[in-house]
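Protein chains: 4
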Amino acid sequence: MIEIRQDGNFTYVFSKYIDPICKVPQDEEILIHTQDFAEGKINSVDSVPSDFMKGYLNPQTGPIYIEGAEPGDTLAVEIIDIQPDRDWAVSCNIKEFGGLVATNATHLLNKPLEEKVWIYRLQEDGTFKCDTNPKMHYPWEPFMGTIATAPEYEALSALTPFNQGGNMDCHDTCPGNTLYLPVAVEGAMFYTGDCHAKQGDGELIGTALEIAGKLTVKFHVIKNKKINWPRIENKDYIMVVGSARPMEDAARIAYTELVHWMVDEYGWDELDAYDALGQVGEMYVGNMCDTNYSLVAKVQKKYL
Amino acid sequence: MIEIRQDGNFTYVFSKYIDPICKVPQDEEILIHTQDFAEGKINSVDSVPSDFMKGYLNPQTGPIYIEGAEPGDTLAVEIIDIQPDRDWAVSCNIKEFGGLVATNATHLLNKPLEEKVWIYRLQEDGTFKCDTNPKMHYPWEPFMGTIATAPEYEALSALTPFNQGGNMDCHDTCPGNTLYLPVAVEGAMFYTGDCHAKQGDGELIGTALEIAGKLTVKFHVIKNKKINWPRIENKDYIMVVGSARPMEDAARIAYTELVHWMVDEYGWDELDAYDALGQVGEMYVGNMCDTNYSLVAKVQKKYL
Amino acid sequence: MIEIRQDGNFTYVFSKYIDPICKVPQDEEILIHTQDFAEGKINSVDSVPSDFMKGYLNPQTGPIYIEGAEPGDTLAVEIIDIQPDRDWAVSCNIKEFGGLVATNATHLLNKPLEEKVWIYRLQEDGTFKCDTNPKMHYPWEPFMGTIATAPEYEALSALTPFNQGGNMDCHDTCPGNTLYLPVAVEGAMFYTGDCHAKQGDGELIGTALEIAGKLTVKFHVIKNKKINWPRIENKDYIMVVGSARPMEDAARIAYTELVHWMVDEYGWDELDAYDALGQVGEMYVGNMCDTNYSLVAKVQKKYL
Amino acid sequence: MIEIRQDGNFTYVFSKYIDPICKVPQDEEILIHTQDFAEGKINSVDSVPSDFMKGYLNPQTGPIYIEGAEPGDTLAVEIIDIQPDRDWAVSCNIKEFGGLVATNATHLLNKPLEEKVWIYRLQEDGTFKCDTNPKMHYPWEPFMGTIATAPEYEALSALTPFNQGGNMDCHDTCPGNTLYLPVAVEGAMFYTGDCHAKQGDGELIGTALEIAGKLTVKFHVIKNKKINWPRIENKDYIMVVGSARPMEDAARIAYTELVHWMVDEYGWDELDAYDALGQVGEMYVGNMCDTNYSLVAKVQKKYL
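Protein chains in written order, with my numbering: chain A, 1 to 304; chain B, 1 to 304; chain C, 1 to 304; chain D, 1 to 304.
Hints are computed from structural coordinates only; laboratory data are not their basis.
Here the structure is a predicted model, which means the values were calculated and not measured.
It cannot be assumed that every hint is accurate.
Straight-line Cα separation of at most 30 Å, DSS-like style, residue types lysine-lysine; simulated pairs [what the hints assert, rightly or not]:
hint	chain 1	residue 1	chain 2	residue 2
1	A	K135	C	K111
2	C	K95	B	K226
3	D	K111	B	K135
4	A	K95	A	K116
5	A	K226	D	K116
6	D	K226	A	K116
7	D	K95	A	K225
8	B	K129	A	K302
9	C	K135	D	K301
10	B	K225	C	K111
11	B	K129	A	K235
12	C	K226	B	K116
13	B	K41	C	K226
Ranges between beta-carbon positions, derived for each pair [said to hold, decoys possible]:
hint	chain 1	residue 1	chain 2	residue 2	range
14	D	E152	A	N234	34 to 40 Å
15	A	P71	D	R5	27 to 33 Å
16	B	K111	C	V45	54 to 60 Å
17	C	G176	D	E3	47 to 53 Å
18	A	K111	D	R121	52 to 58 Å
Using N, Cα and C, we set each Cβ at its ideal position, and we do this for glycine too.
Looking at chain A on its own, in the form it has when it is part of the complex (with noise of 0.2 Å):
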């Protein structure tokens, strides 16, 4: 097994401008270690999380180039284990970021709420438990927030959820599912990190129960086939990710595209797809504190 490991030098942006760390094969099983957003520094109830906005947030492994992938292709990412690489996990309030406060983003002149830190110690079961709250003790359900290919042009913050992936914070880029990302530039340049132990819908504060994370993937070039926004498959359900704001234009992106889906790939007509979405799509807040908002659109198989 290929192992890749990113101490100290790690990248903030989703950028084709950075040399790869590595160059990998398909079809192998890769173990990719991952910081957490804080790069572990915000390891106390003591801490200070506005102290660490100032600096790069979200560091990214990579970037990863696959080999014989090339513009004009599909990714697919098969996830097929993630692992704690430490014995806690942190989450913060952080001022003037999350859910249900004034932001930058949504800039209003009330003042911010207080910073809080909790932190989240794993236990012998294998669970979570908060030190400060032992209500707040939640399973080990982990998925990747960050897994991105690299734009065409653009150097993206590793903040932001977008059409090749991101920072999407979405809980289905978990062991036994398969991402399939846009291929923009050669060798598709991926990046992975943020791990989330747990999460609920919609990242509400901000951040999930953040950790260092020990990935295992294979990749696997699809050649000449171009999606436009990432896709996600598993043995019982087909997905779209769509990242705007605002949030109903993340949800147009991600039901549309089933809807293309549907009609590409399992010979539906447009219309009874539209109709069928209406009466068997599902459809959860992925984040709704990030810089775009993802919603995940899915239908269950056995309805295609």
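Given chain A, put chains B, C and D in place with the hints provided.
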């Protein structure tokens, strides 16, 4: 059991300006017959949906006066059962209406999609199967698209979801759940209609499997308890429905009120509740086609 | 001249369910007295604005029945003059209301700003000067914040701007301009109130220089002409007011209807009209604080 | 006078990852040649606009390194003059792009409008007249649609307006005005392009009267002054440009930063500034077609 039927003289607003069709006691089983969103007139693939958009839409059974309900109380609607009142359901694509098209709210220069009607027949096993596409074959998972109490002084279209319920089109107004609504006028003035045999998240195409339905409920009045937005509860979950535009405002309302619920009735610290929902809150899209969008925030009781 | 005064028994909805206070002929000068948004009760820097938010707000004079107006017609409201009906105006910051704060629509966990009242005195030269800050000294540029005809079957809060006018808070409902409103019920059922001595674009703080005002108008009914949204005209401009959330939907409504106006009445090709407005259309924010945002699209007649 | 010309090798991102094309001193007149948004290739009514959307769009002249500019400073761009660099301008309707159509952000199932190109010829009196519709005849009122400094670590598409300027498409980046931009990298790394002979509020159809233009500016660096969003000033007004989606977030940014400006530099109390802008603030829509919407909040200096 009290049985309420309102053939012919339906109501198309949530309003205190209409005389109640009956007065009912609390704590008794009540069977309410309802018509579908188009009074059964869209009943063939040859029907032209937009012909019916010119008249009144979404006929409501009501208002029903609940004895003992006064402004400042909360009405608990215990949803016991929903049965079909006919053997077919209908969905349709209506011109300039729906989640993936330009509408009179998102008003653009694009030309409308063509209209189309799908008729679904009740099968012996209780499922509904489309006449024209056998893959469109769905289970009976009924709920009331529209449930409301009358506003304090407005009379709102039965197409509108708002802070006293209305056309929320969220699938959790279903048997087994209890819906809590603010009471703004004497007798609460309860309305319901728009039964859905099955609907996906978002009511994407603007119509569900629309059917005449028979609803069995019990009403309970919680005296001197004021809530701001509709709440739903069952043995596993507490939930809040937020309705607004843009969609993020619906999401903010739902989650903010869920925080308040946890603080006021479960003794949580506000910031802890905010963080907990970040980790284990759930949020789905009820409707993305109505005059306001409705989103449902929920959390499992085991985490409270 | 007909003079209409409605002391005491004001209306807080746009509704056909209320008996008209009078019937008036077309084409005659009518003087209408109006109260301010808080019936003059916020009259000192010591007033507490949120005390008044608990009761009814934005009292309307009306409904006024216009002879000859029937559903499907358009009501032309020729605004001839507005005069102050007292020698002071008031603006205030109301808790959880306004364009730069969390509100009950953009519902957040941030704590509200403190409330504050500003009293402006009418000066000899006709300007208004603030008691507590002499730099806040503004000209008399009056308009009616609220003008509406009654909806077909809803009764809408007087705080709401909608497709028949209402609480648009656009400064072009002023002397010299003619406002066109759809007629949905017999007699049109006209309402007005919320006179503003002066207001900036957006009514940013949620209140303008609020004053009791005397409005002089003439009504004219244009038979069998159906418009979809409020239109305004003067010797130099045609304008459309769109009201919706999110704000881009208000903008889309206003400009789309302006395209339709150019096509239907000025003989423009649709794409040419679209391009022309791209080059010479104007758009300002009427209000960004009410239940819907109102934006005004306009174009100079010389370009038509 | 320093003259800068960049034939051929244009830039399509605002980025620090590109070597500067030149270094220029402060306080000197600099003449910058720019190409139009399509490098002059859409030059006939027979051109097919979407053919050019497949390639790179909105070529920028830059980056220009301004001597003495360092992160944490503010760059003042004194706009002295803009002259046409050719005798025709072009606007067009591009498939799935523009303010009144479904786009890749507001992603719907509606079919696109047909594409169309309008060619405007420079007349002897300096006006521009459309070849195909003589009513479309407009004055020369030029401004630069796109002006930016490079972000700290992102490389953003030249189609994007953001907190360091970019594709704002606001007509106040015109001769006589001074634009202030944050400096995030050494040398500021200045870009400009997208000259508009004339544009209405909103750039409704997605293109203005697009033209190659010659811009004369002086750069001044204000040391150790940090601003958050672009500011504009002339003898009569101070203004802030906010860029975001939904549109109300752009409006909130612009007005909130204008409040801060009044507080920080004109000595206003925050609530008084908020109220003053409620009465005399002005706000127009810069663009409603780009990746973010741009709104301009402004206030006359005489009120400060």
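Checked hints:
Pair hint A:K135 plus C:K111 holds up; C-alpha atoms about 26 Å apart against a cutoff of 30 Å. Under the criterion of a C-alpha separation no larger than 30 Å, the hint pairing C:K95 with B:K226 is consistent with the structure, at around 20 Å. As the CA atoms of D:K111 and B:K135 are separated by approximately 26 Å, the hinted pair is consistent with the 30 Å bound. With a C-alpha separation of about 9 Å, the suggested pairing of A:K95 with A:K116 holds against the 30 Å cut-off.
Of the pairs offered as hints, the one joining A:K226 and D:K116 holds, with about 28 Å between alpha carbons and a cut-off of 30 Å not exceeded. Simply put, D:K226 and A:K116 have alpha-carbon atoms about 28 Å apart, close enough for the 30 Å limit, and the pair holds. Distance restraint check for D:K95 and A:K225: the Cα-Cα separation of roughly 23 Å lies within the 30 Å cut-off, and the hinted pair is therefore satisfied. A threshold of 30 Å between alpha carbons decides the hint, and for B:K129 with A:K302 the separation of about 14 Å falls inside it, so the pair holds.
Of the pairs offered as hints, the one joining C:K135 and D:K301 holds, with about 11 Å between alpha carbons and a cut-off of 30 Å not exceeded. Between B:K225 and C:K111, the direct Cα distance comes to roughly 23 Å. Compliance with the 30 Å bound is thereby established for this hinted pair. Using a Cα cut-off of 30 Å, the hinted pair B:K129 and A:K235 holds, with the two alpha carbons roughly 24 Å apart. Restraint check for C:K226 and B:K116: satisfied, since their Cα atoms lie roughly 28 Å apart, inside the 30 Å limit.
For the given pair, B:K41 sits about 27 Å from C:K226 by alpha-carbon distance, which is consistent with the 30 Å threshold. Take D:E152 and A:N234: their Cβ atoms lie about 38 Å apart, and the range 34 to 40 Å holds. Between A:P71 and D:R5, the C-beta spacing of about 31 Å keeps the proposed range 27 to 33 Å intact. Here the CB-CB span from B:K111 to C:V45 is close to 56 Å, well matched to the stated 54 to 60 Å.
One distance hint, 47 to 53 Å for the beta-carbon pair C:G176 and D:E3, holds here, with the actual separation near 49 Å. Range check, A:K111 to D:R121: Cβ separation about 56 Å, and the 52 to 58 Å hint holds.
Consistency with the previously given hints is maintained throughout, with no hint failing.
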